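J.: Counting in the working numbering, the sequence shown runs from 0 upward without gaps.
Think of the hints as simulated: they come from the structure by calculation, not from any bench. This one's a predicted model, so the numbers in the text were calculated from it and none came from an experiment. You may find that some hints are simply not true.
Stated by the list, open to error - Below, a list of computed lysine to aspartate or glutamate pairs in the EDC-like style, where the Cα atoms sit at most 20 angstroms apart:
| no. | residue 1 | residue 2 |
| --- | --- | --- |
| 1 | K51 | E31 |
| 2 | K156 | D67 |
| 3 | K156 | D119 |
| 4 | K52 | D98 |
| 5 | K52 | D42 |
| 6 | K156 | D137 |
| 7 | K156 | E107 |
| 8 | K156 | D19 |
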Amino acid sequence: VRWFQTAFGSGRSSAHMYADAGYAAMRRGQNELAVRLLSSAVDEWHAAPPDKKPFDETALFGARRSIDTLERRWGLTLSLGHTSTPGAAPSAIAPAGGDLRVVQAGAELSYTPARIGYRDGRVFQLYANTFQGISANDEGYPTGEDSRVAGLGVRYKPLREHDLVVALERRLAIGDRAGDDDWL
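Please construct the entire structure, taking both the sequences and the accompanying hints into account.
T.: Dropping the structure here:
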């Protein structure tokens, strides 16, 4: 990163240099510097005439996506899932007919701390979630508020190039028929 700063100080700069310096800063965990440098690369791309763009739109998208990743602090995920267990399912969860179909809704709010949350592809987050059954084809299966569960947890993606995530979550039974509190 020092080499880039020397080059920028001498007046020699280009969109490619800003992007390269931004990605180098990102790899070193200097996220704020990386955002500034990548933003400069994007600005240089927009300032260039249409026939002299410094890099293609795929690289521009990559720079914007990196900026978004580095600046993101809060996330919200809404989900709607459907599960169907065929007749071979364990009798403890399947209705007498042997076919259980459940629709479940969920929401998760996550927070990525500024300094430790994103470090060269390694991600640390705190999160809270809640899920509940919306419908089931078995009248005995809990739905609505009776099925509501919540969770509070932390997760860490320790490997930069692989999608392995380690999490610790406290699962809380909110609904009367949601089961017991547990650790995941």
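J.: Among all the numbered hints in the text so far, which are the ones the structure does not match?
T.: 1, 4, 6 and 8
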